Structure formats: C-alpha cells, structure tokens
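Keeping the supplied structure of chain A fixed, place chains B, C and D upon it in accordance with the hints.
Chains as they are written, first to last, in numbering that gives the first Met the number 0: chain A, 0 to 159; chain B, 0 to 159; chain C, 0 to 159; chain D, 0 to 159.
No lab work stands behind these hints, which were simulated from the structure alone. As the structure is a prediction and not an experimental result, all values here were calculated from the model. Some clues are possibly wrong.
Pairs count within a copy or across copies, as identical chains cannot be separated in the list.
[Said to hold, decoys possible] Derived lysine to any residue pairs resembling SDA-like cross-links, with alpha carbons at most 25 angstroms apart:
1. LYS111 - ASN154
2. LYS37 - ILE14
3. LYS37 - GLN153
4. LYS93 - ASP73
5. LYS146 - PRO131
6. LYS37 - ASP51
7. LYS92 - ILE159
8. LYS92 - VAL157
9. LYS37 - LEU53
10. LYS97 - GLY132
11. LYS37 - ASP82
12. LYS50 - ASP82
13. LYS50 - LYS111
14. LYS1 - THR95
15. LYS37 - LYS92
16. LYS1 - GLU158
17. LYS146 - VAL157
18. LYS1 - ASP150
19. LYS146 - GLU54
Protein chains: 4
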Amino acid sequence: MKVTIFCVGGTIDKIYFDAKSEYEVGAPAVGRLLREMKANIDYEVVSLMSKDSLEMSDEDRATIARAVADSAQDKIIITHGTDTMTTTAQQLKKITGKTIVLTGALAPAIFKDSDAAFNIGCALATVQCAGPGVYIAMNGRVFDADKVRKDVDQNRFVEI
Amino acid sequence: MKVTIFCVGGTIDKIYFDAKSEYEVGAPAVGRLLREMKANIDYEVVSLMSKDSLEMSDEDRATIARAVADSAQDKIIITHGTDTMTTTAQQLKKITGKTIVLTGALAPAIFKDSDAAFNIGCALATVQCAGPGVYIAMNGRVFDADKVRKDVDQNRFVEI
Amino acid sequence: MKVTIFCVGGTIDKIYFDAKSEYEVGAPAVGRLLREMKANIDYEVVSLMSKDSLEMSDEDRATIARAVADSAQDKIIITHGTDTMTTTAQQLKKITGKTIVLTGALAPAIFKDSDAAFNIGCALATVQCAGPGVYIAMNGRVFDADKVRKDVDQNRFVEI
Amino acid sequence: MKVTIFCVGGTIDKIYFDAKSEYEVGAPAVGRLLREMKANIDYEVVSLMSKDSLEMSDEDRATIARAVADSAQDKIIITHGTDTMTTTAQQLKKITGKTIVLTGALAPAIFKDSDAAFNIGCALATVQCAGPGVYIAMNGRVFDADKVRKDVDQNRFVEI
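Only chain A is shown next, with the shape it has when bound in the complex:
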C-alpha cells in the first residue's frame, strides 16, 4: 500500500516573510510533518501548485483531477486550501475506483496551535480505511464530499 499526497497550497503551507511583511504559500508542509510525526507508511509527496484556494481556477482544478486520475496509486490525499476545498472535491467525483481524501488546515502548520498534524492524521487513516470515493477530512470528521460545507463564520467544516 502506497499513498500519494498531492499538495496544491492553502493555509496549511502558509509561511511568513519578514522582509516583506507578507504571508505567502510556501513549500508543502506535509513532508516535514510526516517525518516529525514518525509516520511509518509508504508515501510520496507531489507538489502540483502553491495557491491560496480562493485564487484557484477551473484550469487548476482540471490539473489536479488529471494528476489524481493519472496516478498509479489508488490511495490519494490532497492538501488544499480550505475556502474552495469542497469545490475541488466535486470535480474529483468523476474519478472512480480510488479513495481520494482532501484535507488542509485552518491555521498554518508553522503555528503553535495548528490543526495540520491532526488533520493529516485524519486523512491518512481515512485513505486506509474508507472505500473508493471522495472525502474531506477536517475538524476531526470524515465527510462525504457531497455532504459538507465550510462554515466561514464559525471557521470550521460542517455536515449539510
């Protein structure tokens, strides 16, 4: 069993450049995090793009879908910005025979109180235990891609 982790950006990967006093999407956080957490699984990390999810285009989502479909693996995790995670999830539903789990973080992985490790843990277990389909693993919950939205006011994912 091998897990392919596609990274496309989002809050989880955000870093801070002091010189510019801006907050930017950096290299994928998931690789370093899995090493720090002593993950004992067979995985590969593939960075597809580094975008705030509000800036993702239809073309970006097509790129992601193509990468997932073309992957030799059938266990796929995607680390993604939270604002349009459900939109991308919808685009992936046409891919059959694979377990696809989208996750990310509400606070960057470099923050003391980040939910990144927790969410990545959720996503890893989901990709191992759930059957084919598209899922979102956020806030300790495994959501079906069709039954979830981000509640922006409460800053969390909820069932619909």
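Chains B, C and D in isolation, oriented as in the chain A frame:
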C-alpha cells in the same frame, strides 16, 4: 454518531512535577487536545485509570474490556500506553459489533514534538471509517490488532 | 520597581485571519507571553498602536516618545516592528533619566519557532540591569541605540 | 565580548526516554535553543555535568566554582537545576571580577510551554549589562544571589 473515548494513561498523558523531579501520568490529554484542534464531532471522554502501560494488570485490562462492552456507543477510542497496547487490544477482540481503536503517543502531548494530535486524528478517522473490529492507530498507520507489534528498538509500531 | 511595556505593533503581534487569508497585526502578544512564562515582576502593558513598523509615521514616533516621557515609570520596554526599530530608538534618545529598551520579534509570537519569548526575556533583564539610555534587545544581544542596524539580508540585528 | 555558558543539568535539560518510561537529564538544551533563537553573540557551551540539582554534592559545586574561576572569560552563564540554584550561587560569591548569572527552567526546554528560552534571554542580557557579581535570572527577574529563594509551593523564584 457519538464517539466514546476511554483514557487509561500512558505516555500521551505524562506530565512533569518539578518539585519531585519525576514524570507522572496526569489527567487525560485528549479532551484539551480535541478542543485545541477544533474537533467538530460528538464525543465523550471517560477516564478509567491513569497508568503506565507496563504497570497494567490483567484486572486492569478486564476493567477496560468491561467498560467498552458496557458502553452504549459502538465507536470506541482508547488512549493507552504504547508498551502493552497490543496486549490490551487482544483482550478486546472478544467484543463484537463495535469499532474499537487504540492509540496513544510516543512523546507526551505536552512536548513540542509530540505525535499525540496526529495519532488522535488517525484514531478518530479510523473509528468513523472502519467496520467492527479492533485496530491500533499509531505512526500514521491503521493496524489490525492481530498484525502489529511495537518495535522497541526503533520506537515505533510495525506490521507483523 | 515597576516596568511599563508599551506595545506599538510589529511582527511580534502578527496574527492570521483565515477568512481573509491575510496576515494582520493583532493584540499585543507580550501580556499573554509574560503570563505563560510565569514572570514574577510588577509590570503594566499599554497598547499605543498596532502598526507594521514600515507604516509608522513621524507622528507615530512622536506619540511613542510622548508616552515614554510622560510615563511615571523610568523602566520602559517597547515592543516594536523590527524594520524601523532603530529609527524610533533615535527619536527616544532625547528622553533622559529613563532606561528604555526596544524589542520585538523576527517571527510572530504565535509561531512554533518564534524568538518572541527569548527577546522579551532579554528586554526585561536589560531594563533591570542597564543604566539610563536607549537600548535594542534583539538576537540575544543588548545594543546601544547608536550602534545597531537591522541586516535585512541576514534578517538579524548587528553592531555598527 | 564572549560569553561562556556552563551547563550542569537540571530541569531545563530533562528529556524523556519512552523505552524506560523515565525522565532523565539529557544533553544541554542551551546550544540548540540559541541557534533556534538566532542569537547573534559570541559564546561557547561547556557541559560540566548532567545532574538533577537535588543530587548535587559539595564536590560538584566545587567543580563548578573551579570551572568558573579558571575560565578565560569574565561573562559566565550557568544553566542549573532550580532546586539548589541558590546554594550554588552562594558558593560562587567568592569569585571576584566576573559577572556570573545562573538560570534554568521550571519546565524542560522540550515542553511546549517551557520557560527555557525566556530565561536564557534574561540571563544573556544580564551577563551583558550587570557589573561583576552573582545573579539569578528566573521568572523574568534579575535577582542578587543574596536576595532570592525558590518558593517551592508556588514554583517560582521570589525576592527575600
């Protein structure tokens, strides 16, 4: 769906008392951790005991098994010391119709580099996605209770 | 002995609002930090403004100078953005009879690897030990206000 | 200006060995901490012993005093266990012409909420700013070695 989390002690709950310069098992870490991680699930935390797992007796394991069997819930997580986690898992196999996931941590939850949040995330997704049975969620992996041991030298869980 | 801590913003106080995916100056970090560090000193925290130091005007610096001069205390710490910290320090040299220490952070206090607690520790000891004058406490060093600049390329303060 | 940092053990250096489920004094934390904090000072770290301060003997204190007296530097920091820090400080008062600062931590440096970086920051500024003498830098306060005790119940250092 409600998850019952039984806490029995172990490294995950270890704290440090300066006055005595000793390291002791404290209150369950999982409750605070789930709040910090903004978990949006229905759960209850039940502390059964606070023991280093090397000091657990047969009677302790019987207590745990009884609590799991008697619980009204069929989705059960147990935070447990790592040294005898697999032994307790074996004792729980006789319980049918429930999804039982044991987890814990190799470094206490209060450590900067603790794997506690990551493992709890894994356990939460497992209890939601896996069918009835007994599982161990450690090192980013969901193990069948019959196919796992702790590799003490490498300080991680491996498949057997 | 009482220490007055004036907060004017800067990286040390930066936080992250997910909804807007922007990085903003938040409430002063120093109060929470001193509680967490179990500081046993008599101090008061006064927030004067919340600005990135690149956006500070001459008027802002005049406001700071007036607050320091008018304070009943003669032990003053100022948490400040790093980019123009030395400029503000120059403006404060005209104030006599007070020990004035500017500090801040190269990474926000909410980051896992922030230098905020370390720098605040430096500033506190400086304000207790140094005679009247204006100092910058950054990178583990107590600089005379006249003999320091920020090396932007190396992202640290150096002696001149 | 060069600072010599002698390390003799204590809570600041405590680590946790999972295999043995015990808590032991490890390698000096101060070196790694100063690198992480981007300290821009000239310093050397010398490990003299690794002891819980309750287990220190008169001979141990004589060893420390000799190392301090023999050092080529006159700016000395000692990271030390908190329980007998004041006793060691008394032994060092006979050394003249040097600024000697003892510090440590109430929670190990590897803990999320450790005061180690904060205290090391305090000690560094003290050694730079204070005249010859023996000081204890704990809880954000620079104490004269003659006017401080550890309040064990409140777990902090207080003036006497």
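Quick rundown of the hints versus the structure:
1. With identical chains, the CA atoms of LYS111 and ASN154 are at most 25 angstroms apart both within one copy (18 angstroms) and between copies (22 angstroms).
2. Proximity of LYS37 and ILE14 under a CA criterion of 25 angstroms is satisfied in both settings, with 23 angstroms inside one chain copy and 18 angstroms between copies.
3. For the identical chains of this complex, LYS37 and GLN153 are inter-copy neighbours only, at 10 angstroms across copies versus 32 angstroms inside a copy, given an alpha-carbon limit of 25 angstroms.
4. For the homomeric pair LYS93 and ASP73, the shortest alpha-carbon distance inside one copy (14 angstroms) is at most 25 angstroms, but the shortest distance between copies (33 angstroms) is not.
5. For the homomeric pair LYS146 and PRO131, the shortest alpha-carbon distances inside one copy (16 angstroms) and between copies (24 angstroms) are both at most 25 angstroms.
6. In this assembly of identical chains, the alpha carbons of LYS37 and ASP51 lie at most 25 angstroms apart only when taken from different copies (22 angstroms versus 28 angstroms within one copy).
7. Only within a single protomer do LYS92 and ILE159 lie at most 25 angstroms apart by alpha-carbon distance; the minimum there is 17 angstroms, versus 35 angstroms between protomers.
8. Only within a single protomer do LYS92 and VAL157 lie at most 25 angstroms apart by alpha-carbon distance; the minimum there is 19 angstroms, versus 33 angstroms between protomers.
9. Proximity of LYS37 to LEU53 under the C-alpha cut-off of 25 angstroms is restricted to the inter-copy arrangement: shortest distance 22 angstroms between copies versus 32 angstroms within a copy.
10. When the C-alpha separation of LYS97 and GLY132 is checked against a cutoff of 25 angstroms, the pair qualifies both within a copy, at 6 angstroms, and between copies, at 23 angstroms.
11. For a Cα distance limit of 25 angstroms, the shortest separation of LYS37 from ASP82 across copies, 17 angstroms, qualifies, whereas the shortest one inside one copy, 29 angstroms, does not.
12. Taking the closest pair of Cα atoms, LYS50 and ASP82 come within 25 angstroms of each other only inside a single copy of the chain (11 angstroms); across copies the shortest separation is 28 angstroms, beyond that limit.
13. For the identical chains of this complex, LYS50 and LYS111 are neighbours both inside a copy (22 angstroms) and across copies (23 angstroms), given an alpha-carbon limit of 25 angstroms.
14. In this homomeric assembly, LYS1 and THR95 come within 25 angstroms of each other (Cα to Cα) only inside a single copy, at 18 angstroms, whereas the closest approach across copies is 30 angstroms.
15. When the C-alpha separation of LYS37 and LYS92 is checked against a cutoff of 25 angstroms, the pair qualifies neither within a copy, at 32 angstroms, nor between copies, at 27 angstroms.
16. Taking CA atoms no more than 25 angstroms apart as the test, LYS1 paired with GLU158 passes between copies only; the shortest distance there is 14 angstroms, against 29 angstroms inside one copy.
17. For the identical chains of this complex, LYS146 and VAL157 are intra-copy neighbours only, at 8 angstroms inside a copy versus 35 angstroms across copies, given an alpha-carbon limit of 25 angstroms.
18. In this homomeric assembly, LYS1 and ASP150 come within 25 angstroms of each other (Cα to Cα) only across copies, at 21 angstroms, whereas the closest approach inside a single copy is 33 angstroms.
19. Only within a single protomer do LYS146 and GLU54 lie at most 25 angstroms apart by alpha-carbon distance; the minimum there is 23 angstroms, versus 45 angstroms between protomers.
Of the numbered hints given earlier, the model fails hint 15 alone.
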